[in-house]
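Chemist: Chain by chain, the residues run as shown.
2 protein chains.
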Amino acid sequence: MAPTASEDNVEVPNKSRVTVVGSGNWGSVAAKLIASNTLKLTSFHDEVRMWVFEEENVKYLPGIKLGQNVVADPDLEHAVRDANMLVFVTPHQFMKGICERLVGKIREDAEAISLIKGMEVKMEGPCMISTLITQQLRINCCVLMGANIANEIAVEKFSEATVGYRENKEIAEKWVRLFSTHYFMVSACEDVEGVELCGTLKNVVAIAAGFVDGLEMGNNTKAAIMRMGLREMKAFSKLLFSSVKDSTFFESCGVADLITTCLGGRNRKCAEAFARNGGKRSFDELEAEMLQGQKLQGVSTAKEVYEVLRHRGWLELFPLFTTVHEICIGRLPPTAIVEYSQS
Amino acid sequence: MAPTASEDNVEVPNKSRVTVVGSGNWGSVAAKLIASNTLKLTSFHDEVRMWVFEEENVKYLPGIKLGQNVVADPDLEHAVRDANMLVFVTPHQFMKGICERLVGKIREDAEAISLIKGMEVKMEGPCMISTLITQQLRINCCVLMGANIANEIAVEKFSEATVGYRENKEIAEKWVRLFSTHYFMVSACEDVEGVELCGTLKNVVAIAAGFVDGLEMGNNTKAAIMRMGLREMKAFSKLLFSSVKDSTFFESCGVADLITTCLGGRNRKCAEAFARNGGKRSFDELEAEMLQGQKLQGVSTAKEVYEVLRHRGWLELFPLFTTVHEICIGRLPPTAIVEYSQS
Numbered sequence: 086m087a088p089t090a091s092e093d094n095v096e097v098p099n100k101s102r103v104t105v106v107g108s109g110n111w112g113s114v115a116a117k118l119i120a121s122n123t124l125k126l127t128s129f130h131d132e133v134r135m136w137v138f139e140e141e142n143v144k145y146l147p148g149i150k151l152g153q154n155v156v157a158d159p160d161l162e163h164a165v166r167d168a169n170m171l172v173f174v175t176p177h178q179f180m181k182g183i184c185e186r187l188v189g190k191i192r193e194d195a196e197a198i199s200l201i202k203g204m205e206v207k208m209e210g211p212c213m214i215s216t217l218i219t220q221q222l223r224i225n226c227c228v229l230m231g232a233n234i235a236n237e238i239a240v241e242k243f244s245e246a247t248v249g250y251r252e253n254k255e256i257a258e259k260w261v262r263l264f265s266t267h268y269f270m271v272s273a274c275e276d277v278e279g280v281e282l283c284g285t286l287k288n289v290v291a292i293a294a295g296f297v298d299g300l301e302m303g304n305n306t307k308a309a310i311m312r313m314g315l316r317e318m319k320a321f322s323k324l325l326f327s328s329v330k331d332s333t334f335f336e337s338c339g340v341a342d343l344i345t346t347c348l349g350g351r352n353r354k355c356a357e358a359f360a361r362n363g364g365k366r367s368f369d370e371l372e373a374e375m376l377q378g379q380k381l382q383g384v385s386t387a388k389e390v391y392e393v394l395r396h397r398g399w400l401e402l403f404p405l406f407t408t409v410h411e412i413c414i415g416r417l418p419p420t421a422i423v424e425y426s427q428s
Numbered sequence: 086m087a088p089t090a091s092e093d094n095v096e097v098p099n100k101s102r103v104t105v106v107g108s109g110n111w112g113s114v115a116a117k118l119i120a121s122n123t124l125k126l127t128s129f130h131d132e133v134r135m136w137v138f139e140e141e142n143v144k145y146l147p148g149i150k151l152g153q154n155v156v157a158d159p160d161l162e163h164a165v166r167d168a169n170m171l172v173f174v175t176p177h178q179f180m181k182g183i184c185e186r187l188v189g190k191i192r193e194d195a196e197a198i199s200l201i202k203g204m205e206v207k208m209e210g211p212c213m214i215s216t217l218i219t220q221q222l223r224i225n226c227c228v229l230m231g232a233n234i235a236n237e238i239a240v241e242k243f244s245e246a247t248v249g250y251r252e253n254k255e256i257a258e259k260w261v262r263l264f265s266t267h268y269f270m271v272s273a274c275e276d277v278e279g280v281e282l283c284g285t286l287k288n289v290v291a292i293a294a295g296f297v298d299g300l301e302m303g304n305n306t307k308a309a310i311m312r313m314g315l316r317e318m319k320a321f322s323k324l325l326f327s328s329v330k331d332s333t334f335f336e337s338c339g340v341a342d343l344i345t346t347c348l349g350g351r352n353r354k355c356a357e358a359f360a361r362n363g364g365k366r367s368f369d370e371l372e373a374e375m376l377q378g379q380k381l382q383g384v385s386t387a388k389e390v391y392e393v394l395r396h397r398g399w400l401e402l403f404p405l406f407t408t409v410h411e412i413c414i415g416r417l418p419p420t421a422i423v424e425y426s427q428s
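Heads up: the protein sequence lines correspond to chains A and B, in order. Under the numbering used here, the first residue of the first sequence carries the number 86, and numbering increases by one thereafter. Under the numbering used here, the first residue of the second sequence carries the number 86, and numbering increases by one thereafter.
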């Protein structure tokens, strides 16, 4: 190969080793993106290790090759042992247990990134997954969020994502290089809390958008509700963390993920069904019927957010978030989603 | 009527008189909104005058009453003579002629607001309709923009709008009171250029969104393209006017109008057809077939924006705007809409 001036061809003494912890749809697509880049970038070992529950289940998405340099490993401790770059992409409820198992088992110089959406928003503050990882494992943790439907990225449809980081821009840019392809554009944003909060709060707005769809109120109304939702996402995030930046909400993790989630997505879909039934069938019932027992993130996040707002006396500042929860629990009819007094 | 403490019941010696110049769908809906408020607010005369080309055609939208206090007037000079609040809502190409006819015929203390979207973006700078009105008639001019589909507002579906103003907040708040109803939420934003530019530039993004629809690339890709478009709208507006604010793009005139226009709207629709045909049928042909001879705003705005970008050496800063125009004129295939080098 002819030498060039690019970073790719500089000899790097300590190549980075990447392990993906998690092997669902999104984990597999992440492994595919990463594996295509570790082959090209000389600063990374080619091999990408992926921790899987059961090796045979996950080597492929339906019809999608992950890359021959992806090595599935059913042993968590073994999978992470040599890696200095850890990509976490499990369901969020597993992370506490995984962190406990990993204490003392990872490299001291390891860096982490979380692709996990759906942290909980507790009264004492949101339980950021990135914070959990940093506190439990004592390593720096970035996040990667955005309008990312795994199946669409798997077939290489154009998409974007945002890496949120805290202070260390160099490591953020390393994650950007590791994930970026010609169909997956990644940019870095120094606002780890804002980026991670977007990934959770958008689900509440998707419930509101679903109500509008169920009431057949048209694009105008839906756009207005999505905008109000984006505004409340921004205001809520800034009240929780004064470091959160307005500009974060213009990134893929903000407005783009919100749009995707409010156009498709199961939160929107179940909320549409809820409104069509005039709120007479509960979310529990609809979830059981439509999601094979999975629970909707948006409904529980709306409840958590409501508790925080009530506890801090902020309910009136967030009419949309408040109304979504009150509709979900049957205190208000679905039509209330468009009934606000002029503020 | 029992007196209350509200502004509505304070006696006002000089009541404001409103005239709506224009009587299309959006003009009629605006008259309806205004007429419902002049009846309630004592600071306004009940009667709303509406200039119409031919009186009998426009008293009603299909099935919608405008209000008995809307008086149609086919005589332009007569219609504006007593008004101190002028609402302009004609097709944009008529405004130059109307302004010429109105010089010296309006009250000296008149205030104007433009609801007209689709100014031209010329090499020497954009021809803002609000600037045209101010320069020709020597009066202050606000703008009202947003996600406003006339037919949806006519049937009182929930919607929002943004009043853009320059310095004089008091007059902006008067316009807000004049337009606001329980289903039409209006807020004021001190950025007349930013608000007016949103109403024009969104049509270029809608063309891009239509291409994505025609290529059947999915919600993920569409959301990414809409976000890139919003970012370029913001960057372009700020390069043209340093006074333009980031926050304007979070208002109804920004993100909400963009969403509405990219979900429905004829720019999106024709662009979808263009992409489905692989760019083999020209926009001229598709417009003739789909729009009964009307021209697409987005295609001509894309051309105008391109000329400005080329002239100022900014093409590389605006890959989406540039690509939209190059696809429209057949220089690039529709698939180019998702082919960007990593920046």
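Derived from the structure by calculation, the hints contain no laboratory data. Some clues are possibly wrong.
Repeated chains share a single entry, so a pair holds when one copy, or any two copies, can fit it.
Claimed, not checked - 25 Å max Cα-Cα, derived DMTMM-like pairs, lysine to aspartate or glutamate: (1) Lys354 <-> Glu132; (2) Lys125 <-> Glu185; (3) Lys388 <-> Glu372; (4) Lys150 <-> Glu301; (5) Lys125 <-> Glu424; (6) Lys150 <-> Glu424; (7) Lys354 <-> Glu252.
Chemist: Taking each numbered hint in turn, which are not upheld by the structure, reported in ascending numerical order?
Modeler: 1, 2, 7
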